[in-house]
Amino acid sequence: SQTIHQWPATLVQPVGSPLSLECTVEGTSNPNLYWYRQAAGRGLQLLFYSVGIGQISSEVPQNLSASRPQDRQFILSSKKLLLSDSGFYLCAWSPDRGIGNQPQHFGDGTRLSIL
Amino acid sequence: QKEVEQDPGPLSVPEGAIVSLNCTYSNSAFQYFMWYRQYSRKGPELLMYTYSSGNKEDGRFTAQVDKSSKYISLFIRDSQPSDSATYLCAMSEPSSNTGKLIFGQGTTLQVKP
Numbered sequence: 001s002q003t004i005h006q007w008p009a010t011l012v013q014p015v016g017s018p019l020s021l022e023c024t025v026e027g028t029s030n031p032n033l034y035w036y037r038q039a040a041g042r043g044l045q046l047l048f049y050s051v052g053i054g055q056i057s058s059e060v061p062q063n064l065s066a067s068r069p070q071d072r073q074f075i076l077s078s079k080k081l082l083l084s085d086s087g088f089y090l091c092a093w094s095p096d097r098g099i100g101n102q103p104q105h106f107g108d109g110t111r112l113s114i115l
Numbered sequence: 001q002k003e004v005e006q007d008p009g010p011l012s013v014p015e016g017a018i019v020s021l022n023c024t025y026s027n028s029a030f031q032y033f034m035w036y037r038q039y040s041r042k043g044p045e046l047l048m049y050t051y052s053s054g055n056k057e058d059g060r061f062t063a064q065v066d067k068s069s070k071y072i073s074l075f076i077r078d079s080q081p082s083d084s085a086t087y088l089c090a091m092s093e094p095s096s097n098t099g100k101l102i103f104g105q106g107t108t109l110q111v112k113p
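Going down the list, the sequences are from chains A and B.
If you use this note's numbering, the first sequence corresponds to residues 1 to 115, in order.
If you use this note's numbering, the second sequence corresponds to residues 1 to 113, in order.
The shape of chain B in the complex, shown without the other chains:
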């Protein structure tokens, strides 16, 4: 079993839809959670960073963490064609002395105009 599971998609939605992207994990020591957006032929760009259960909102993006279920989500409201990209979840342990992040496989999202 992988430490982090993420549905690779692809996920196709119409413009304006609410998008839900999800990751599950098995290691209860993970305390820090990140979402990255990666456009084709570019490096991942940090979107959201959170370290507690609950919701964190930034514009059209909301990150949700449920540590009891070992489940994290990224919601995108009013999705735009410019949101079309691959979304990667990542997480780490506070005790790590390497800063090593564990990544999901990435979900490819296409928002159609």
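This is chain A alone, in the form it adopts within the complex:
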């Protein structure tokens, strides 16, 4: 069966510090991968998605970037964190077939607090 791992679960960072959040998927090949941010009462905002190694698409311009160095690894980064980057970050995957009609499966997220 497929599993998705995200770490760390909780992170407290000072303003201006760098960020690296990692997500890995097991039990599947060539998954589609997604990064979301969930703010309280505002639903899920899609940040980035990837359909293959090195292929990253950004949904919103912001202080963050994403990379996919391996098939089942997705990394969310920032060079300098802003207060507005606080939130709950979720990684998700979907199978590589019939893209557009597959449900996504989520990790347990990273709660990021910026001080």
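Treat the hints with care, as some may be off.
Calculated lysine-lysine pairs in the BS3-like style (CA-CA distance at most 30 Å, straight line) [as the list claims (entries may be wrong)]:
no., chain 1, residue 1, chain 2, residue 2
1, B, K56, B, K70
2, B, K56, B, K2
3, B, K42, B, K100
4, B, K100, B, K70
5, B, K112, B, K42
6, B, K100, A, K80
7, B, K100, B, K56
8, B, K56, B, K42
9, B, K56, B, K112
10, A, K79, B, K100
11, A, K80, B, K42
12, B, K42, A, K79
Derived from the structure by calculation, the hints contain no laboratory data.
With chain A's structure known, arrange chain B on it following the hints.
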């Protein structure tokens, strides 16, 4: 107007009640519909996935889709305190080349013992 509208609640019901959660949408191209359950400080968990009008049942959960009215529902029978969570609807277009899901805001449900 948002593409997907969902009443954020909170919705509070006694144990054993039938719960009805709803979403409306504006994009008639949406063909795939999902319901997720999210416990506090956890990621969303897929509950139901359907792509046709009508009902789909899984245990105490029934998903209903009415494409003519652009309205979807999730019914929970014999609700339990363990059903207390936020419920998110999501939908997508078959022509999407990104697999992008459009989410509702989520409805917070509390089932009181």
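Outcome of the hint check:
1. K56(B) to K70(B): holds, 17 Å
2. K56(B) to K2(B): holds, 26 Å
3. K42(B) to K100(B): holds, 21 Å
4. K100(B) to K70(B): holds, 19 Å
5. K112(B) to K42(B): holds, 21 Å
6. K100(B) to K80(A): Roughly 28 Å separates the two Cα atoms, so the pair holds.
7. K100(B) to K56(B): holds, 23 Å
8. K56(B) to K42(B): holds, 26 Å
9. K56(B) to K112(B): At roughly 26 Å apart (the allowed maximum being 30 Å), K112(B) and K56(B) satisfy the hint.
10. K79(A) to K100(B): holds, 26 Å
11. K80(A) to K42(B): Since the Cα atoms of K80(A) and K42(B) sit roughly 26 Å apart, the hinted pair holds (cutoff 30 Å).
12. K42(B) to K79(A): holds, 26 Å
Violated hints for the displayed structure: none, as all numbered hints are satisfied.
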